[in-house]
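Visitor: Listed below, chain by chain, are the residues.
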Amino acid sequence: MMATVTPLSVDALYRRCELNQLPFETTAELPPLDEIIGQERAVEAIQFGIGIHHDGFNLFALGPNGTGKYTAVAQFLNQKAPTETPPDDWCYVNNFDQTHKPQALRLPGGQATILRDKMKRLIEDLLTIIPGAFDSDEYQAQQKTIEEEFKERQTQALEELSEAALTKHIALIRTPSGFAFAPLKEGEVLKPEEFVKLPQQEQQIIENEVKNLQETLQRIMEQVPQWQRERQNKLKQLNHEVARYAITPLLAEMRQTYAEQTAVLTYLDAVEKDIIENFGQFLADTESAESEANGLHSDEGSSKKQTFQRYQVNVMVDHSETQGAPVVYEDKPAYLNLMGRIEHFSQMGNLFTNFTLIKPGSLHRANGGYLILDCRRLLLEPYAWEALKQALRAKQISIESLGQLYSLVSTVTLEPEPIPLNVKVILLGERQLYYLLTQYDPDFGELFKVAADFEDQMARDEGSHLAYAHLIGDLARKENLKHFQKTAVARIIEHSARLSGDASKLTTHMQSISDLLREADYWAEQDAHELVTVVDVQKALDAQLHRAGRIREQIQESMLRETLLIDTDGAQVGQINGLAVYSLGPQNSFGKPSRITARVRLGKGEVIDIERQVEMGGPIHSKGVMILAGFLGARYAGERPFSLSATLVFEQSYGGIDGDSASSAELYALLSALADVPIKQSLAVTGSVNQHGQVQAIGGVNEKIEGFFDLCTARGLSGTQGVLIPQANVRHLMLRQDVIEAVRAGQFAIYPISHIDEGIELLTGIPAGALNNKGNYPPKSINGRVTTRLITFAEKQRAFATPPAKQKKQEKRREGAGNE
Amino acid sequence: MNEKRNRLIIQRILVALDGSPHSQSALEAAVNLAGLLNAELIGVFVEDINLLRLAQLPFAHEIQAHTAVSEKLNMDRMKRQLRLQAQQAEENLAQLAQQHTVSYSFRIMRGPVSAELLAAALEADLLALGRISRSVSRKTRLGSTARTAVNQTTHPVLLMSPNVALDRPILLVYDGSAGANKALDVAAYLAQGNGRLQVLLWADNKQQATDYQHAITQTLQTENLKLEFRYLTPADSANLAYIMKLSGMGLMVLNDTDSRLPAATIHTLVEELDHPVLLVR
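Chains A and B are the protein sequences, given in the same order.
Counted from 1, the first sequence has number 393 at position 392 by this note's numbering; the numbering is strictly sequential.
Counted from 1, the second sequence has number 19 at position 24 by this note's numbering; the numbering is strictly sequential.
The shape of chain A in the complex, shown without the other chains:
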């Protein structure tokens, strides 16, 4: 008795989007949709992750590209961030004690630029005020007094000595390099010859006098450096007093402005001290030598600029324009872009830097708010991931030069004071990255506690149809596209279901959908439609297919010219049309029939998968073959030797294959070979099989059916052609319109198969056969023929295995048994 499998009705091949579920005429009527559709779980996670204010509750939005992760996160942040308090400003100022460690200064939002401008004006003012103070007559007089005092002190000592000497007729004389004492006679130095003529005693007296005077002079002169120092100290003190007096009113004004900013006040104190100590830099150019000696780089022309750089304020973050918390998306999350960097300038071939060359990174800009990063790009940037983690762990941003850190370059650099960090990082990435990080990076789980898992598909029902329509309307508005007619929307929804690979789901891969919308808009524009119609959408879809169709058409041509041998009529033993899917990208996959053949012979109970032998088959394919061998052995040779050697191959396959979706086809081919019954070549088969012979679901069912259909159509539909698919795949069917029309016309059929027996009956037209009460299959049935063949193999093998004498005896005995 043959169980007949009914082909699927037209209704089962395509689930339409019913127009009465869409209560509008065009998407223009639809109000904007404020929510993200189909991602309830992810949205909930985002809300939680962004709302919670604890360490480590950073967010990882995971899902395939194009599912709208960024849109979802950005949409939520754009609602929330503006309501939060704007963060403080940060700037770097000179550290007057340790120049290489610039000081970070926190100011209320918007105040940093004000401080910068105030400091700039202060220095400009000082450039006129300080020279004015030092130019004043009062200062000049005081300075002269000090100088005079010193001179007088020195002169007085010398004069006193000189006068004392004169009383003894000895003169203090200036020599080219110093001083000397000489005895006088009538106002002139005593001539040497006269001196010699003097009595010995008198000579001795003069010599002693001179010696004493010399010693006194030496004592006086030894004091000169000390006096000099005193003079310098006095001058310095005077200068400082004058400078302080000049700048006090200006600084007092600044201090009043920043009375509540203790850090700024401390900074202003340091500035005051430094200005007083280095007042010379505000004076004329003659003083520039002094500032150079103080370690300030000075260059012709730029000297002044560089000297006053030390009083500049380097604004790192300015929130004067920021509304609420900042939301920063860093497109290129390189180390330097994230953490900020220290730039250098070249001077005479050497590299120098200072605190004004510290540049902020996106962490600075996002501090106090949100930073969105693409995880893949982040991981691709050297050191960026480690640096980000370090910053989040330490809760501060330290700017370090990578070259310096790894001793690649050695130049003057800075150690800016770290800035406290309070930021929520949102990583966007594929699922695989998330799982890899979870597994291999121990810090990851600690720092990214919240995962927002994006779905790639959503349930398809009346509600989601409408939500989709809203979404299409939103996209049309956002992208400035024409609005879509109801029918066009329905077609897009149907296509979305096809993309999801399931008639009862819709894809959430919004990028594909928005691309389709843009393309449909283009065609509508081309055809001067005011609204996008279903024709435009179909045109866009056809065009997509056509653009991607080169390889598909080439393969089909090869089949039509019989370079690739695929039969679509007649019947063959041990030969069947399997179906494979070629995937050239997310939007571009197509089905292609493949000829699978099986040959059997006497052997030791093995099914040889040729693909595997030559390492062109993947592990899943091998597994499928082993499963079918398991089914075969258990069903037909459970209690006798399985003396079969079978070979299975995908004919004309020159690339690798994988997947188990051909395992049912392989089994059919094998059964056909064993039973020696031909298989109808007008049918193609897909589906995997388990050890009990049940046919199981496979992927890409639509593409596979269409692949075979296209070949049949090209050769002319005979009315007998069709495809066997697993029963479980019926709900995935969203077939092309031409396939549906052919089915409707009875020219093509789709058969849902749940068991191998159903399939083999359909393929051979011979009943599979069920076990009778004796445990045998009917001899004419497929199963019966297979069993008989296997018994024959087993006996032949035994015959080969036993010596001739014994063999005869056994034959006799068997004859006896056969008569029973």
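Just so you know, these hints were derived from the structure itself, not from any lab.
Some clues are possibly wrong.
To be verified - In silico SDA-like pairs for lysine to any residue, Cα to Cα no more than 20 Å straight-line:
#1 B:Lys201 x B:Arg255
#2 A:Lys775 x A:Arg790
#3 A:Lys198 x B:Leu47
#4 A:Lys450 x A:Ser505
#5 A:Lys192 x A:Arg175
#6 A:Lys624 x A:Glu640
#7 A:Lys192 x B:Arg255
#8 A:Lys212 x B:Pro107
#9 A:Lys212 x B:Arg255
#10 A:Lys192 x B:Pro107
#11 B:Lys74 x A:Glu189
#12 A:Lys192 x B:Gly106
#13 A:Lys681 x A:Ser623
What the hints assert, rightly or not - Just a few of them, taken from the derived set where beta-carbon distance is under 7 Å, the chain A residues facing chain B:
#14 Pro177
#15 Ala181
#16 Gln219
#17 Glu223
#18 Gly766
Because the structure is a prediction, the values reported are computed rather than measured.
Even for Gly, the Cβ is constructed at its ideal location relative to N, Cα and C.
For chain A, the structure is supplied; the task is to place chain B on it using the hints.
Guide: For chain B alone, kept in the frame of chain A given last:
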């Protein structure tokens, strides 16, 4: 300059060089002046006989100015030092003279400095020297050589101090005498440099001062000079030095031989002022 007026003729300027900052400014001023008057410059370096005598004394020691170390003096050493000073002085002279394309000569003399200088000055029309030389005392505003030159020569004398720029306005002390008119002549000539001339009118009364001012304005009407007048009464004579200091002038031009002011007053003034002075005679 009005050719009819009695022009002070200066063809040779003798400048005393001793390596001190004062003498350097005297040199600079002399070179400028020589350039202006197209005069010849004679640089003189006098090897002080006192130093040479001192070096020959058996016990002579020198205390080094910058180290306070005492070193034995001898003739060779002293001669070498003087030679070096002279060499330096000549180099300075040559350099400046060439810059201003002034013809110059240089000579070294040996003997008492003032006497040698005065003797040499006889052949020149103007003697330029520093207010003080390498003197021990800094309190003195006028060194002994300068004083000798002021008191004992009949030639015009230019006394210079360092750090006084010659481009400041020239200051003339005018008392209406023939000597003062001579000085006015020189001052007006020199003032052409920056076009400004300050005149201190030394008059018995206001009327006289006004007359002087009128006379000067008349004399200089073709000169295109900016004239500034200041009136001094005899009562001011004690404070003259102070008043002059306040006027912030550059070179002061006055006449001490043919003036209504007593020469002694003028010499005191010259001594008290720490400023460059041109004594016109």
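Visitor: All hints, please: hold or fail.
Guide: Going through the hints against the structure:
1. B:Lys201 x B:Arg255: The hint holds at about 17 Å.
2. A:Lys775 x A:Arg790: Distance of about 19 Å is within 20 Å: holds.
3. A:Lys198 x B:Leu47: With a Cα-Cα distance of about 18 Å, the restraint between lysine 198 (chain A) and leucine 47 (chain B) holds, given a limit of 20 Å.
4. A:Lys450 x A:Ser505: violated (33 Å)
5. A:Lys192 x A:Arg175: This hinted pair holds, its Cα atoms lying about 17 Å apart.
6. A:Lys624 x A:Glu640: violated (24 Å)
7. A:Lys192 x B:Arg255: Roughly 45 Å between the alpha carbons, so the hint for lysine 192 (chain A) and arginine 255 (chain B) is violated.
8. A:Lys212 x B:Pro107: violated (25 Å)
9. A:Lys212 x B:Arg255: violated (52 Å)
10. A:Lys192 x B:Pro107: Measuring from Cα to Cα gives roughly 13 Å; hence the hint holds.
11. B:Lys74 x A:Glu189: Cα-Cα ~19 Å, so holds.
12. A:Lys192 x B:Gly106: holds (13 Å)
13. A:Lys681 x A:Ser623: violated (26 Å)
14. Pro177: Hint on proline 177 (chain A): holds, closest Cβ of chain B at ~4 Å, below 7 Å.
15. Ala181: Holds. Min distance 5 Å.
16. Gln219: holds (5 Å)
17. Glu223: holds (5 Å)
18. Gly766: Glycine 766 (chain A) check fails; min Cβ-Cβ to chain B is 125 Å, beyond 7 Å.
Violated hints, listed in ascending order, are 4, 6, 7, 8, 9, 13, 18; each of the other numbered hints is respected by the structure.
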